[in-house]
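Trainee: As given, the protein sequences belong to chains A and B, one line each in that order.
Under the numbering used here, the final residue of the first sequence carries the number 426; numbering is consecutive throughout.
Under the numbering used here, the final residue of the second sequence carries the number 292; numbering is consecutive throughout.
Keep in mind that a hint or two might mislead.
A few chain B positions that, by computed beta-carbon distances, are all more than 12 Å from chain A [stated by the list, open to error]: (1) Leu86; (2) Ser100; (3) Met114; (4) Arg146; (5) Ala197; (6) Phe203; (7) Leu210; (8) Pro241; (9) Ala286; (10) Ser290.
Which bits of chain B does chain A cover? Going by a derived footprint, with three or more residues having C-beta under 8 Å, they are [unchecked claim]: (11) 119-131; (12) 147-155; (13) 221-235.
Note that these hints are calculated values from the structure, not bench results.
Here the structure is a predicted model, which means the values were calculated and not measured.
The C-beta atom is built at its ideal place from N, Cα and C for all residues, glycine as well.
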Amino acid sequence: MKKTHDVLWFIALFLVLAVTSIVWAEEKTTIRFVYCGTSEPEKAWSAEYKKDLEKRYPHISIEYIYIPWAEQEKKIAIMTQAGDYPDLIQVQDVTTLSAMGVLEPLDAYIDSPNSRVKRTDFYPAAFDYSIINGVLYSVPAHMTAYGLIVNKEMLAQAGFGLEDLKTWDDLLKVAEKVTHDEVYAYGYAAGLPRFAWRDAMIAGYSNGVLIADTSPESRSKYIEVLKWYEKLRPYIPPAAVTWSYPDMFRAFCQEQVAMIAAGSFFTANVYAIDPGIVPKSRAIVYPKGPSAERPSAMVANAGWAILKGSKAKDVAWFVIEDLSERDNLAREAAVVGLPARRDITIDEFADLAGIYYPDIKDANRQLIEDWLSIVSNYGVPQAKILRQSEMEVKFQEKMYELLTGTLDAEGFYERIVKDIEEIRKK
Amino acid sequence: MIEKRYRVAYMFLLPTLVYLFGFQIYPLFENIRLSFTNLSLLGGQESRFIGWQNYRYFLFADEKFWLIFRNTLLWVFGSVLWQFALGIPSALVLNRKFRSRGLWRGLILVPWVMPVVVVSIIWKWIFDGQWGILNFVLREFHLLARNVIWLGNPRTVWFCLLLASAWKGFPYVTIMMLAGLQGIEKEVYEAAKVDGAAGFALFRYITLPLLQPAIFVSGLVAIVTTWTKFELIWSLTEGGPGNATSTLATYIYSNSFVFYEMGKGASLAVLSTIVVLFISFFYIRALRRSNV
Chain A
1 MKKTHDVLWF
11 IALFLVLAVT
21 SIVWAEEKTT
31 IRFVYCGTSE
41 PEKAWSAEYK
51 KDLEKRYPHI
61 SIEYIYIPWA
71 EQEKKIAIMT
81 QAGDYPDLIQ
91 VQDVTTLSAM
101 GVLEPLDAYI
111 DSPNSRVKRT
121 DFYPAAFDYS
131 IINGVLYSVP
141 AHMTAYGLIV
151 NKEMLAQAGF
161 GLEDLKTWDD
171 LLKVAEKVTH
181 DEVYAYGYAA
191 GLPRFAWRDA
201 MIAGYSNGVL
211 IADTSPESRS
221 KYIEVLKWYE
231 KLRPYIPPAA
241 VTWSYPDMFR
251 AFCQEQVAMI
261 AAGSFFTANV
271 YAIDPGIVPK
281 SRAIVYPKGP
291 SAERPSAMVA
301 NAGWAILKGS
311 KAKDVAWFVI
321 EDLSERDNLA
331 REAAVVGLPA
341 RRDITIDEFA
351 DLAGIYYPDI
361 KDANRQLIED
371 WLSIVSNYGV
381 PQAKILRQSE
391 MEVKFQEKMY
401 ELLTGTLDAE
411 GFYERIVKDI
421 EEIRKK
Chain B
1 MIEKRYRVAY
11 MFLLPTLVYL
21 FGFQIYPLFE
31 NIRLSFTNLS
41 LLGGQESRFI
51 GWQNYRYFLF
61 ADEKFWLIFR
71 NTLLWVFGSV
81 LWQFALGIPS
91 ALVLNRKFRS
101 RGLWRGLILV
111 PWVMPVVVVS
121 IIWKWIFDGQ
131 WGILNFVLRE
141 FHLLARNVIW
151 LGNPRTVWFC
161 LLLASAWKGF
171 PYVTIMMLAG
181 LQGIEKEVYE
191 AAKVDGAAGF
201 ALFRYITLPL
211 LQPAIFVSGL
221 VAIVTTWTKF
231 ELIWSLTEGG
241 PGNATSTLAT
251 YIYSNSFVFY
261 EMGKGASLAV
271 LSTIVVLFIS
281 FFYIRALRRS
291 NV
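Isolated chain A (complex conformation) (with noise of 0.2 Å):
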């Protein structure tokens, strides 16, 4: 009798733990992260970001899984045919997924009364860059915009400033002056197709064409930006034609090049090779094209987003609210880029930067005005162009070709416009 008393009373001890466990494991919800930032600053700030919220709110847990950029829309397809949808996940360009059909739409959750979170929060060329066909897919952390940067020593010792550079013209003439034996004007990372569509697009951009754009009336402003990179190609060291960005940016720090096209993690990316090269850089709008009225500088964001699948929905946008907190997106920016909201001082977020970048506070912090300056006067949202990447590969083809002279700008034209055509059809 004892022993079956003994039983029972195990068997209701054993249920009621059961329960409870059950109990708090449904009170603590564990939020799946991708997060693509791999540099040890950025994983350093996640780690410090997991521990903060989770201290806030201890019925939420995050669980991280770091995933490069470069792998990120690859591994997401694969996830996901699979049917593991992680909750939450860090987003640059979302055409991808969006087209994938593995992003949450967003409207609803920002539009509501409750939600911490505002549209007019943002710099409107960063958070345009979020919204694809009028629906929302992500909320910006930090925007990247693009531009030309310039080692102000080198065109300096040329006999020029910053205040030279309105237009192609004028850059030829300064290219012309700064190119010397093995030193070259401008750098160019065309060996790799992401790169090589990259620079040819914010030089584009600056000339009003898209060069996703194979229409007639785009065809004129199309061919000058290609005539332009045969102009350039004399300035532009021949090693370019199989370089990718940490080859540019090494470059560009070893002084073999005086100018480069590239984006506001700039900072972050030369960081590593040479800091010094920072207090002689500095950033300005990409100058004009002949067909441009205007210079214009393509905005990006990188942000977060939840992914369709996910079951905890509500957490999701729960953590994207408490991210996109001032203090909490202002820390995020500022390891690699500017920050998407409005509301942060340059004065706060260049101290800010100056955690990472402890050395090169008060030049880093030019750089930012430089950049917050762009997107201020020039920016405009980056086009978001669906089968980019098969784009890519077609148009660095024939820039390969156009760089070492075996295809003219006109030839060039009439194969891409056929090849962008033939990928549109799809």
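Dock chain B against the given chain A, drawing on the hints supplied.
Mentor: This is chain B only, laid out in the frame that chain A set:
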């Protein structure tokens, strides 16, 4: 019903069978099925059966396919020939008696056991057109006036890729040849020497014919592994510029995981499998005919 005495044996076989079915047979047939669909992860349309359309596209409409196919043959046979060109002499040297022979036999395996990504980085440093060690050395010795863009020049890029691939793969050939050499009886050489053979004649008429079984087997393995070797080219050139150094392996990857055209990628994979099966079939037939 399975006989009782075989039950344990089948139980031991079960994990392997489950693995083979789950990770080899099912994916193979699923890939074949996919190759007849227009499955694309972009565009949000349901995939549908489109018959031979993907195959017709690559074989008759895609202007790149035959260039890439030719590149693949160059890559595979070029790599394998280089691997043998380095592997056989190395094996002959390592088969001789000399001090620290065991150490050298171990050291020669270093490229083979090294991760492909590391190998790629090393060769990228060597061939880099701006900062590369090769350009530096050649310029130091006044053999070059200006840097050569080794990986960006159609005349040199294949030489560089094949050299890197041969360096990575030749230790395997060396080890196989060494095993073959150790199987050749000393008496055969002694008899040949009595008949007046010496130096290269010994190699030509004794060593090489007796090494044939090892050459054929390691040749087949080298062909199949190089056919699917993708990381080295991808890390060094990403198949570029454009598709100039693309092989079927990189083209499958681009179509499936860069352009997300899964149906097209699957059909390329099927075509690639068929070609490698054909090569293997004729290779084995040649092997049988030569009574090796």
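Trainee: If a hint holds in the structure, say so; if it does not, say that too.
Mentor: Against the structure, the hints:
| no. | hint | result |
| --- | --- | --- |
| 1 | Leu86 | 26 Å, holds |
| 2 | Ser100 | 40 Å, holds |
| 3 | Met114 | 22 Å, holds |
| 4 | Arg146 | 8 Å, violated |
| 5 | Ala197 | 50 Å, holds |
| 6 | Phe203 | 41 Å, holds |
| 7 | Leu210 | 45 Å, holds |
| 8 | Pro241 | 4 Å, violated |
| 9 | Ala286 | 38 Å, holds |
| 10 | Ser290 | 43 Å, holds |
| 11 | 119-131 | holds (count 4) |
| 12 | 147-155 | holds (count 4) |
| 13 | 221-235 | violated (count 0) |
Hints 4, 8 and 13, counting from the list given before, are not met by this structure.
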